[in-house]
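Protein chains in written order, with the numbering used here: chain A, 1 to 908; chain B, 909 to 1262.
Just to be clear, a hint being listed does not mean it is correct.
To be verified - Restraint-style ranges between C-beta atoms, simulated for each label pair:
id : chain 1 : residue 1 : chain 2 : residue 2 : range
1  : A       : 603       : B       : 1030      : 35 to 41 Å
2  : A       : 868       : B       : 976       : 31 to 37 Å
3  : B       : 1178      : A       : 385       : 57 to 63 Å
4  : A       : 700       : B       : 1114      : 54 to 60 Å
5  : B       : 1013      : A       : 590       : 55 to 61 Å
6  : B       : 1114      : A       : 415       : 39 to 45 Å
7  : A       : 603       : B       : 1055      : 38 to 44 Å
8  : B       : 1126      : A       : 477       : 50 to 56 Å
9  : A       : 554       : B       : 1126      : 35 to 41 Å
10 : B       : 1001      : A       : 415       : 51 to 57 Å
Unchecked claim - In silico BS3-like links for lysine-lysine, alpha-carbon gap of 27 Å or less:
id : chain 1 : residue 1 : chain 2 : residue 2
11 : B       : 1188      : A       : 770
12 : A       : 476       : A       : 386
13 : A       : 550       : B       : 1079
14 : B       : 1119      : B       : 1049
15 : B       : 1172      : B       : 1079
16 : B       : 1025      : B       : 981
17 : A       : 476       : A       : 466
18 : A       : 386       : A       : 466
19 : B       : 1188      : A       : 729
20 : A       : 554       : A       : 485
21 : B       : 981       : A       : 550
22 : B       : 1188      : A       : 731
23 : B       : 1081      : B       : 1068
24 : A       : 163       : A       : 476
25 : A       : 387       : A       : 476
26 : B       : 1172      : B       : 1081
27 : B       : 1015      : B       : 1025
28 : A       : 387       : A       : 428
29 : A       : 71        : A       : 89
30 : B       : 981       : A       : 770
31 : A       : 770       : B       : 942
32 : B       : 1172      : A       : 550
33 : A       : 509       : A       : 554
34 : A       : 443       : A       : 554
What the hints assert, rightly or not - Just some of the chain A residues that point at chain B, by a computed CB distance under 10 Å:
id : residue
35 : 540
36 : 547
37 : 659
38 : 714
39 : 717
40 : 768
Simulated from the structure, these hints should not be mistaken for laboratory data.
Virtual Cβ for every residue (Gly too), placed ideally from N, Cα, C.
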Amino acid sequence: MNKHILLVLLILYLIGNAVQLYAQNQAPALRISAQLTDQTLPDIFQYLEKQYPLHFYYRAGELPQERFSLKVQEASLENAMQQLLGGSKFGFLLYRNYGVVIAPLELITEGFNAEYYQALETGLNANAGSTPAPNLLQIGDVRQLKASGKAKVSGLIQQQKDKTPVVGATIRVLKLDKGSVSDENGRFELELPVGKHQLLVQYVGNAEVVQDIQVFSDGNITLSMESAAVTLDEVVVGARAVDANVENVQIGATQLDVRSINKLPAFMGEADVIKSLLLSPGVSSIGEGATGFNVRGGEVDQNLVLQDEGIIFNSSHALGFFSSFNSDLISRVTLYKSIIPAQFGGRLASVLDVEMRDGNFEQFRIKGGVGPLSSRIAVEGPVIPKKASFIAGFRSSYSDWILQTVRDVDVRNSSAFFYDANLRYTHKLSDKNTLILAGYAAKDKFTYGDNFGFDYQTTTGQATLKQIFSQKFYSKFAATLSQYKSTQYDYSGLDASQLDNDIGFLSLKEQLSLQPRAGLQLDAGLSTILYQSLPGARRPLNDLSQVFAKSLEKERGLESAAFLNAEWSVSSALQISGGLRLGFYQFLGPKTVFEYQNEIPSLLNLIDTTVYGKGKTIATYSSLEPRVSARYRFSPAVSVKLGYSRTAQFINQIFNSDSPTPTSQYQLSTAYIEPTRSHNVALGYFQNFEDNLWESSIEIYGRAIDALFDYRDFAELNVNEHLETELLKGKGRAYGMELSLRKNRGLVHGMLSYTLSRTERQIEGINRGKWYLSNFDKPHDLSLVLNYQYNQRHTVTLNFTYGTGRPTTAPQGGYRTQLGVPVPIYSERNALRIPNYHRMDLAYTIGKDHRKNNKFKTSWTISLYNVYARKNAFSVYFTQTPFTAAQANRLAILGSVFPSVTFNFETL
Amino acid sequence: MKRFRYILILGGLSLLLSSCLDEIELKNQRFGTKAVIIQGRLILGAPSLIEVNVQRIGEFDGAETSVHIGSAKVTLEQTDGSNIDLQEITSAKLYRASIPNNHPTFKVRAGQSYRIKVSLLDGRQYESEFEPLLPVPELEKTSYTLQELTLPDKKGFLNKATYLSFWVNSKLKTGGNPDKSKLRWELNAVYRFTDDTRKLCYNFEPQRVDKVLLYDGPGLQLERLDTFYLADVRLDHRFAEGFYLTVLQESLSTTAFNYWNQVKTLAERSGSMFEEPAAKIASNLRSKNVGEEVYGYFYATAQDTLRLYIRPEQVGSPTKYCPQPPTPRIGPTVCDNCLLNTGSTLTKPNFWIE
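Kindly produce the complete structure, drawing on both the sequences and the hints.
Written as structure tokens, this is what we have:
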């Protein structure tokens, strides 16, 4: 602190006399004569100031009370000061012979580094100049310059018209290879050397802002952006800093370039957030039409999918062909792969954080699109101009017309329908308080002839209050109420039945963010989620059905957590984001709990039951989850990152198939089903080339999972009150290497990613206790996206993916029963692989025109999905009848090329 | 706009070509082992009968390569330790014992449990778990209806044809037993067949061996079975001269039912993404040799039998198979000699009453 005050004193002087200093610097050295005895130091300093062109800077309260003498004749200023202060505990600091700072010796002798003086010089020279240029913004005060010679610039990006924050704008410091992205409050931070810089601010849908700045010390800047048709694109998100690859402290974090989603070739033209994520290294799925995605060897239920603060349990439409996110409404998409900040918890492998955007506070706008299977529309505008806005989006399918053209009667009598709807209301209660109310509803209905059907829906309501207590202290409180319900119908036969599942939750989360000083941000908070689930209820569908009506008891669990995360810039090179999450889980009554002999769940060991009353705790678990990610930047273009996280999961999806069904129940941790836990580590090397034109990275990761379970052979999972008897407990491990190469700009740009990985389990009772492959293990996974953008409107995109065929269990022999029924003998679990997967897609995008006066913009995306019509195997199954030879068959979900055209429109 | 419409239609058409099945080959789909399969069934009767197959495993590539292992010692044992040896029937490639009710040392009764032990010539030994023999509920009636169905033929092609759908009426409980039974059915047919030489044969033919017919009495809500559907049999020349359907109803223990249910599950797999993964069927046989797996199952059962005679005129008097139109032929056909039919005999079954 003293050091800073000392500097302030010095700089005050320098600023005030900058021009004069320059002139005096050229003058002969000053000679001092004085005959002063028994006087206080302030008196002596005042005398000298009167006699000579000197300025003394000191804190009077710190100076000694004793009296001093100064008797010199034609002495240099330095000698005079040495005589005066020699033997005392105080020293002095001269600057250009005219400024004298008096301070305790320990401060004076500490010294300042070269960067400081260079910065000081820069600052002074700038200050010494004439009137600043009109476009030059001065930030800070050179009197507050830090010893490092660097300053922290805190900024706010806002819309010119309504002053709403711009989320996800990129801020690039030209010539410095530095940059940042504005956060959800439109804020950003940059650490810059003192001096002049030029900022380039970009945000899709807005005109670029080029701003000259002159940095003296820490300070704030506010930049306004203007809507412009010139750069308006399909999805108004661009959330990557130009050097984010190297700069970001969080290893394994992937920010999706949502702008590019609509340009990617998509199945039936439906732009898809989650399918786009599959192009990232470390992210894969088991095949087309499969629900969910796998991250770094994690099951699909190990991903926490968030829409703002609300958990989305089923993010798939049409059984998995499409995701349930309407890309027109998205602000930012971030995927944290295994190394997860402490703010997030409850899942082992990843967090997909999808942030929705606010509606326009100034004007009404409409966006939409029409595709062969579905259409979408989004409307936004002010409710109270500049104060309250809304945004509403709706998507719906109309795929039945295709099904009607099929000859097969069952297909013709089938139906596949979905919709999703979003409504978000944002109200600025004051300059510092914002209330957001959001609702989301999605529904799917799928029937296959008279045979079977699925029906599932999600309903979510959220309220979020954002408060800014000060520029460096703000809070976000969110309350979410959500319900997911699913039903499976078997229409025919004696088994005609209806199977219902549901899970709902109420979550509360308070997060405080504090920036106590430059380079340090603290995020702390509490969260709690009360789950209530119906694991399963089955009832006969008609009078002929012989199925027993059966309903399991509802289950309740309370998952709470306290977290603290600090992001600390130790130096310009080293940045650490670390924290701790304390999780606490309770499995609550009312519930009848079975007791097994020796606590080994088996129907043969069933000995008793215990009935727990409402709210009674049946089982508790806690978790201590340290999280850390560190980045060391060797140069502006090279960094190394290292991360570790401990994660715990108290809820699992129960499914024993390749892909979860919509009715795969969500099972809370119980006395017998322990929470799964994982140690996750990652190490990465990141390097950019040619002014961030090229980005490259290599990451290696490892995961060790405890209490992982798998299923017994022929496990009975539906409506089973003894579910624990069908699970076998063990452990898992996953490790791999992820390579990524990206070209960000140019006529041809794109991305290449490759993952080499292994995912295994060791479960007692499966494969004789040996390690075996998970059914989504994919050793080689490659994605290539190439964009040929020959002008601002026209883009051709090529997408190629290749992956090793996933493991499967296949018959390796067989016999026949005495009557002749063929009985295959299957291999050990997941011992063989289905054929490798590869696919190429093409898309041609005709973007919007760039005329500013055109208020109605249209664009087209023409896609060819699976260009060479490869029949990629989703699964392999085996047939053998008494009359035919045994045969392996592959089921190709999409065995043909899928052309599509999507028409998009937008009003300005 | 017109072009846009064409593209939409093209998109729709392409979907029709989408989901598809193809035959493929998988790498490493061979065991490379000589695992042993043991299948045995003890049927309560007068006399009771036990038959056991001991085989070496076959490859799952279409070839029927399961090989009978001869000269084994096969023993049926009760819980009290009494036992009886089975004799090898070389012609039938199995081991068999017929146990009269008045056997002095070995009684086969409902409510008892039995197991088998097998010793091979090379010293390898196997034994099963004890399996309870449960009484079987009374099979009261069997019937059929005629209907047009589109079903796969023996070559797997879908064809629309007339079928006989067979139904049964049965109790689900035995005596004063309050518990319902788990049931399995076998369908065996005998039909008369006259060749061009006017020779009269009776052909024994198991029906719908591609199906495992099961009913989980305790797991389903019916208290008895009334016109319970079993299977469809295509109406063809087999019904032209008289057709007997024999329905065998077996009682199964829980473990035996689970075994057959797993066989059924594997037989009915379709490769759907939502299908539970296939797995090895659990056997109740154990090898005494460390690390060796053994497959198959042994169970004990009681059976109830009903036969249904279907006269040709009841099903529209289908055309006889013979004579066939003259075509170039190599060697004799079933029309030259009806005994060439698999399972054919000149002996009229003793239950055959027209």
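Outcome of the hint check:
no., hint, in the structure
1, A:603 to B:1030: 35 to 41 Å, "38 Å, holds"
2, A:868 to B:976: 31 to 37 Å, "49 Å, violated"
3, B:1178 to A:385: 57 to 63 Å, "59 Å, holds"
4, A:700 to B:1114: 54 to 60 Å, "59 Å, holds"
5, B:1013 to A:590: 55 to 61 Å, "57 Å, holds"
6, B:1114 to A:415: 39 to 45 Å, "40 Å, holds"
7, A:603 to B:1055: 38 to 44 Å, "41 Å, holds"
8, B:1126 to A:477: 50 to 56 Å, "53 Å, holds"
9, A:554 to B:1126: 35 to 41 Å, "26 Å, violated"
10, B:1001 to A:415: 51 to 57 Å, "52 Å, holds"
11, B:1188 to A:770, "16 Å, holds"
12, A:476 to A:386, "21 Å, holds"
13, A:550 to B:1079, "24 Å, holds"
14, B:1119 to B:1049, "21 Å, holds"
15, B:1172 to B:1079, "23 Å, holds"
16, B:1025 to B:981, "8 Å, holds"
17, A:476 to A:466, "5 Å, holds"
18, A:386 to A:466, "17 Å, holds"
19, B:1188 to A:729, "19 Å, holds"
20, A:554 to A:485, "13 Å, holds"
21, B:981 to A:550, "48 Å, violated"
22, B:1188 to A:731, "22 Å, holds"
23, B:1081 to B:1068, "38 Å, violated"
24, A:163 to A:476, "20 Å, holds"
25, A:387 to A:476, "19 Å, holds"
26, B:1172 to B:1081, "24 Å, holds"
27, B:1015 to B:1025, "17 Å, holds"
28, A:387 to A:428, "5 Å, holds"
29, A:71 to A:89, "20 Å, holds"
30, B:981 to A:770, "34 Å, violated"
31, A:770 to B:942, "22 Å, holds"
32, B:1172 to A:550, "24 Å, holds"
33, A:509 to A:554, "25 Å, holds"
34, A:443 to A:554, "23 Å, holds"
35, 540, "8 Å, holds"
36, 547, "7 Å, holds"
37, 659, "5 Å, holds"
38, 714, "5 Å, holds"
39, 717, "8 Å, holds"
40, 768, "9 Å, holds"
Violation of the numbered hints given earlier is confined to hints 2, 9, 21, 23, 30; the remaining hints are satisfied by the structure.
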